[in-house]
Amino acid sequence: QVQLKESGPGLVQPSQTLSLTCTVSGFSLTSYNVHWVRQPTGKGLEWMGVIWTGGSTDYNSALKSRLSISRDTSKSQVFLKMNSLQTEDIATYYCASELPGTGYFDYWGQGVMVTVSS
Amino acid sequence: DIQMTQSPSLLSASVGDRVTLSCKASQNIYKYLNWYQQKLGEAPKLLIYYTNSLQTGIPSRFSGSGSGTDYTLTISSLQPEDVATYFCQQYNSWPTFGGGTKLELK
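Quick mapping for you: the protein sequence lines, in order, are chains A and B. FYI, the numbering for the first sequence is -8 to 109, going by our numbering. FYI, the numbering for the second sequence is 63 to 168, going by our numbering.
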């Protein structure tokens, strides 16, 4: 069955780079788009960006200068890197799948909580 | 960016009540509107896509409607397991979400 699972450090120092991995199973990264969405505790959801089935990417304009999404299809992994982390980046980070052209996120990972602190 | 506004932010209702949640877009989103349910400590779960299509496995007491800028999610008979926060999401342009409606039992 389709599964996504985020992994990465739960604590990042201010101004440092966040690196997260989304490992997927049950589908190919060349068949599904994978998005990253984050959620500060107790608040709403923010779309961060997407890696399309063809490997190209698009980003939320508010994060574009700091964000990079890539993948390794052979390992079924999608990577998120975001630099210059600040306290406003404290959130739970989710990866989610989208069947191309549908516009909805049908499967989500469990999320990984990231704190920014020295 | 298209702004999504949900109302109310908090809704208290009794088991068996008919419940209606609202979502308003800052511009016409041509029915490209999805609804998610998020229970405490869990990831969001897709309920409805393209305004009124029920995701597989979702109970039929959930339904969606709307057009243009105004959309609603209706629960025909509230059940205890429906306690959650509900988010709308548009995809007429880059995805944006509403701020959520927290649904609790009265």
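Derived by calculation from the structure, the hints in this document are not laboratory data. Don't take each hint at face value.
Said to hold, decoys possible - List time: in silico DSS-like cross-link candidates among lysine-lysine, alpha-carbon distance up to 30 Å:
(1) B:93 with A:34
(2) A:34 with A:-4
(3) A:72 with A:55
(4) A:72 with A:34
(5) A:72 with B:107
(6) B:101 with A:34
(7) B:168 with B:86
(8) A:55 with B:168
(9) B:86 with A:66
(10) A:34 with B:86
(11) A:66 with B:164
(12) A:-4 with B:168
(13) A:-4 with B:164
(14) B:86 with B:101
(15) B:107 with B:168
(16) B:107 with A:-4
(17) B:168 with A:66
(18) A:66 with A:-4
(19) A:-4 with B:101
(20) B:86 with B:107
(21) B:93 with B:107
(22) A:-4 with A:55
(23) A:72 with B:168
(24) B:93 with B:164
(25) B:164 with B:107
(26) B:164 with A:34
(27) B:164 with B:101
(28) B:93 with A:66
(29) B:168 with B:101
Hint check:
no.	hint	verdict
1	B:93 with A:34	holds, 25 Å
2	A:34 with A:-4	holds, 22 Å
3	A:72 with A:55	holds, 11 Å
4	A:72 with A:34	holds, 22 Å
5	A:72 with B:107	holds, 25 Å
6	B:101 with A:34	holds, 13 Å
7	B:168 with B:86	holds, 25 Å
8	A:55 with B:168	violated, 43 Å
9	B:86 with A:66	violated, 40 Å
10	A:34 with B:86	holds, 18 Å
11	A:66 with B:164	violated, 38 Å
12	A:-4 with B:168	violated, 35 Å
13	A:-4 with B:164	holds, 26 Å
14	B:86 with B:101	holds, 22 Å
15	B:107 with B:168	holds, 23 Å
16	B:107 with A:-4	holds, 15 Å
17	B:168 with A:66	violated, 48 Å
18	A:66 with A:-4	holds, 13 Å
19	A:-4 with B:101	holds, 18 Å
20	B:86 with B:107	holds, 20 Å
21	B:93 with B:107	holds, 19 Å
22	A:-4 with A:55	holds, 23 Å
23	A:72 with B:168	violated, 43 Å
24	B:93 with B:164	holds, 23 Å
25	B:164 with B:107	holds, 15 Å
26	B:164 with A:34	holds, 11 Å
27	B:164 with B:101	holds, 10 Å
28	B:93 with A:66	violated, 36 Å
29	B:168 with B:101	holds, 17 Å
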